[in-house]
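Position chain X relative to chain Z; hints supplied.
Top line first, the protein sequences correspond to chains Z and X. Start counting at 1 in the first sequence, then tack on 930, and there's your number in our numbering. Start counting at 1 in the second sequence, then tack on 234, and there's your number in our numbering.
No wet-lab data here; the hints were simulated from the structure. One thing to keep in mind: the hints can contain errors.
[Claimed, not checked] Under 7 angstroms between C-beta atoms, here's a sample of chain Z residues computed to sit facing chain X: (1) N948; (2) D1289; (3) M1293.
Just so it is clear, CB atoms sit at the ideal spot from N, CA and C, and this is done for glycine as well.
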Amino acid sequence: MNVESIRKQFPILHQEVNGKHLIYFDNAATTQKPLVVINAIKQYYETDNANIHRGIHTLAERATAAFEATRYAVQKFINAKEHAEIIFTKGTTDGINLVAQSFSKAFIKAGDEIIISGMEHHSNIVPWQMVCEEKGAILKVIPVTDEGELDIVAYDKLLSSKTKLVACVYVSNSLGTINPIKQIIEQAHIVGAKVLVDGAQAASHLDIDVQELDADFFVFSAHKVYGPTGVGVLYGKRDLLDAMPPYQCGGEMIKEVTFEKTTYNELPYKFEAGTPNIADVIAFKYAIDFVNEIGKEEIRDYENELLNYFVVGANCIRPMVEKGLTLNGEFNSPIRLYGTAKEKVAVQSFVINGMHHFDAGMMLDAKGIAVRTGHHCTQPLMKRFGIEGTIRASFAIYNTKQEIDVFVEAINRLVN
Amino acid sequence: MNTSTDIQNEIIENFSLFEDDMESRLLYLMDLGKKLPPMNEALKTEDNMVKGCQSKVWLNARFENGKVFFEADSNTEITKGLISLLVSVWNGQSPDEILNTELFFIDKIGMSRMIGSQRSNGFASMIKQMKIYAIAFKAN
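For reference, chain Z alone in the conformation it holds in the complex (with noise of 0.2 angstroms):
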């Protein structure tokens, strides 16, 4: 892999911050874009513009034609059984809203236990919170643990007849642990639960196969997969969607329409209400190939090196000699890392001691380093850690070791 000539598909990436060279580790929040996926927007709007599915004329047919072949990309990038099975959306939040809202209107009733994990994004928390509010339903919440893994054995007691859905993430993004999510989706099966995998973090870094991990919910974001914003993926399995209500109303999403009743359109459709982001769709099949063309295990093995290499380099880092020293002559290290689990995807939470994070982003930013600081939308995590947040670098293809030296001179001059 070269990353040189990955770095010159990324315009981005070559500009000056604060008079420094931009250094972007806030991977995990949004990803660049190259340019194949910058152009394909421009060229869609110079070239193919035209509302899809409805219209006949030459351009409605090309715009569908591509917006379609996005979906069979999708559905290749994840393994899905059928292209019908993938579903547009606006991004991982607003898929996840779509699947609390349906499912539980045809399959949550009062008494009914939801479990999802302690190291959720607030966007796997609060819908079903609302949900459990609305339906009587019970939230129940895996653990934990130090390291930052779930409590598996915790999780299991958790599950019981009354479990009718489990919402778990694939990756943490606030601490890069890859969750059994195989097992946990196995488990689930079990007392009969369905699962919905938070995959926000995980499709830019992992082999996503949803088939054989038997997910009967996938949902994901382009935009941190390299594509762009705006546009999201659930994937359902076809006997769930085909039993679960619409979500929102609206054009495309009907068969046929009268003032008595009203019948819905087959699946995909059925819950693509309206005129969704063309563009956007489209060129985020670019993005996949891109990523393909790279090969997930190719970018696995590259981040995998890089967050190695940051972690090495931060532990590292020692306090001037006074402060630091213990009485048995060890260094009390001034950086603490949070996310230390056997598995992970290449993202770092830390915090330096005796440092609010802001501050430390701030200085970082002087230096042109983008990283994410605070409590990175998961505030029951930060407070099973009892903090406040943290600073989290998050790696992607186009980073690099000699980026990572800047980095890492750059918090040892915050630190001393």
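Using the frame of chain Z, we list chain X on its own:
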């Protein structure tokens, strides 16, 4: 006592030394924060918290001999530096002076570029809260 205009001119002059070096500007701001007199812990109450700030900011004021005196603190050093600028401009001024001052130093030192839009909102909240104190003291 210097007028708030004098103090603002001094702030502008001090920041101009750093030109475009963002890192030094922030370090300077943090140093200013460290020099802010410590706030009485008992005053760090929910009521004294400035709403709309991302980080925690406490602000209290007292009125003595026609002048307003502020006490403030924050859990982040850069924010503390920001408050210290406002406190230095307005501490010991009359309510009228506070209400009539145009805070021209903010634009002149390139504050928005230095603190970003999210902190700018918090900064505006601090200014508003300080003016609310001035209005309240003036009414008395």
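Q.
Hints numbered earlier in the text: which of these fail when held up against the supplied structure?
A. The structure conflicts with no hint, since it agrees with every one listed earlier.
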